[in-house]
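Residues per chain are reported as follows:
2 protein chains.
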Amino acid sequence: MINKLLVVGTMAYDAIETPFDKVNKILGGSTTYTALAASKFEIDCGVVSVVGDDFEKKNLNLLKNNSINCDGVKIVKNAKTFFWSGKYHLNMNDRTTIETQVNVLANFNPIIPKYYLNAKVAVIGNLDPNIQLESLNQIKNSADFILLDTMNFWIEKNRDVLNEVIGKVNLISVNDEEAKLLTNTNSLLKAASLIQKMGPQYVIIKKGEHGSMLFGEGKIFIIPAYPIFNVVDPTGAGDSFAGGVSGFLCDKKKINFDLIKQAMLYGSVLASFTVESLGIDSLEKVTKNTLNKRLNDFKSITSF
Amino acid sequence: MINKLLVVGTMAYDAIETPFDKVNKILGGSTTYTALAASKFEIDCGVVSVVGDDFEKKNLNLLKNNSINCDGVKIVKNAKTFFWSGKYHLNMNDRTTIETQVNVLANFNPIIPKYYLNAKVAVIGNLDPNIQLESLNQIKNSADFILLDTMNFWIEKNRDVLNEVIGKVNLISVNDEEAKLLTNTNSLLKAASLIQKMGPQYVIIKKGEHGSMLFGEGKIFIIPAYPIFNVVDPTGAGDSFAGGVSGFLCDKKKINFDLIKQAMLYGSVLASFTVESLGIDSLEKVTKNTLNKRLNDFKSITSF
Chain A
598 MINKLLVVGT
608 MAYDAIETPF
618 DKVNKILGGS
628 TTYTALAASK
638 FEIDCGVVSV
648 VGDDFEKKNL
658 NLLKNNSINC
668 DGVKIVKNAK
678 TFFWSGKYHL
688 NMNDRTTIET
698 QVNVLANFNP
708 IIPKYYLNAK
718 VAVIGNLDPN
728 IQLESLNQIK
738 NSADFILLDT
748 MNFWIEKNRD
758 VLNEVIGKVN
768 LISVNDEEAK
778 LLTNTNSLLK
788 AASLIQKMGP
798 QYVIIKKGEH
808 GSMLFGEGKI
818 FIIPAYPIFN
828 VVDPTGAGDS
838 FAGGVSGFLC
848 DKKKINFDLI
858 KQAMLYGSVL
868 ASFTVESLGI
878 DSLEKVTKNT
888 LNKRLNDFKS
898 ITSF
Chain B
598 MINKLLVVGT
608 MAYDAIETPF
618 DKVNKILGGS
628 TTYTALAASK
638 FEIDCGVVSV
648 VGDDFEKKNL
658 NLLKNNSINC
668 DGVKIVKNAK
678 TFFWSGKYHL
688 NMNDRTTIET
698 QVNVLANFNP
708 IIPKYYLNAK
718 VAVIGNLDPN
728 IQLESLNQIK
738 NSADFILLDT
748 MNFWIEKNRD
758 VLNEVIGKVN
768 LISVNDEEAK
778 LLTNTNSLLK
788 AASLIQKMGP
798 QYVIIKKGEH
808 GSMLFGEGKI
818 FIIPAYPIFN
828 VVDPTGAGDS
838 FAGGVSGFLC
848 DKKKINFDLI
858 KQAMLYGSVL
868 ASFTVESLGI
878 DSLEKVTKNT
888 LNKRLNDFKS
898 ITSF
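If you read the protein sequences in the order shown, they are chains A and B.
With positions in the first sequence counted from 1, the corresponding number in the numbering used here is that position plus 597.
With positions in the second sequence counted from 1, the corresponding number in the numbering used here is that position plus 597.
The shape of chain A in the complex, shown without the other chains:
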């Protein structure tokens, strides 16, 4: 039996400006990157999201062609897809959001297809904590392992519900700034310890180009990012990382610290492909061969 992975989150159009390039409308959203990265594994991946009727059929087909089940994608008539526009600074690590058009996301009422209620692993992407809670309430007694993402905006705007959500998941994956903001501390070690006390057995802190850290079972694991000569567009790197982590874990029997370590290697490598092109282009082209080749490179770069 092939295990099921559920990914709940956004599908979007992005406008992206970097010091070297610019696009006005490309496919984006956390679900898109996460599901595409996860689709590299031998699992059954289904997505739950919402788009407007401006969402192009070819974009939905792109996911379907990668064996991603889109039954949970609601298309709202006379409405527009979520839109995000951002500009990356010269260091390619910091970015400024220029515009966010929430559009259909404002009334997103996630309905998880019955078939995916008992997913082995569920990824609850960055969304209003109320929507995250609605998703969790549908799966909480049936999904095996739940991975959560969030962002600064929700930490500041809807903390109470977010706390409730965090209390219900197995693994939370946030970046360093978010971890500090969540816990009002400047030390990532302290932050991780405080977040674990909020509920999750495992905490991943992402540090962009500087790699990521895993905390759980009283242990710590730290890996650098896979080094990339030409970073073209960092958008979706964190979501691709989550896709690699969840995709790898999804076909494992019992998820533990050591397996999450391995999963992070895959997540890091998939994220490294993502940043090599604008949007999903480079991620979509990843094959089992190119993935394994880079994974071996990564191991040799970080082993002693």
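A pair holds if it fits inside one copy or across any two, identical chains being indistinguishable in the list.
Derived lysine to aspartate or glutamate pairs resembling EDC-like cross-links, with alpha carbons at most 20 Å apart:
(1) K896 / D855
(2) K896 / E814
(3) K671 / E731
(4) K787 / D894
Hint data in this document are derived by calculation from the structure and do not stem from the laboratory.
Model the placement of chain B on the given structure of chain A, informed by the hints.
The following block gives chain B in isolation, referenced to the frame of chain A:
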């Protein structure tokens, strides 16, 4: 025979302010940290530096008590020791220099004791490139392996001589900002490649709390920093790292990429002790036992 390590650089008094603590005058300087870290290895370490007659005897004795040969430390009468005053920001990674009193360093004319001219490894610390060149000219045909440090100030002020110096060393160890400034690029991979073309066979790029990268022999190695719960004072971390690297390499027969990788583990761990106290206190107390224990922790934290 015990191999010799030569360390040329500054001995100083520092005034340090962090968000949590403040001291007006403590022992500092690159040579102090580098030699103390290197003294943890079974080598014969000699330092070359200059101080004023305000330099307290107990500070010199501290080095001597750690088996560091101070014959090369010149004490200038009626002059004051180099003084640096800095303030760390809340993230403990960024700092602002409040005051630099060059004092005796202005006329530093390094004379390397004959006994250390044929050192196995020489560390040329951050100094005016003219002074670095004077040191190099004394040892260049006799020392086996030369490690160089520099900083933004000299990259901007004395680039021509610095280039000449860089062309004469085996390994250069700089931080990420310095690497970018040296090569006018924003990519660390490109920077490392360009620096290698300037001469050094090996390049280490230090990223503070984010670890370090090694480039050489067509290979790359990346390690995180050893994670510290309570960073008290980051001063001297980079110099302690250099001390660990050079101390480890000093008793090896033929230095190569794989040995420098191992050396970086020691350098990282020694730096992690340094940041746990103001000044050298915590570094000085490191024993073979505590060093090896943390080294094993570090390996388990970064291995998969």
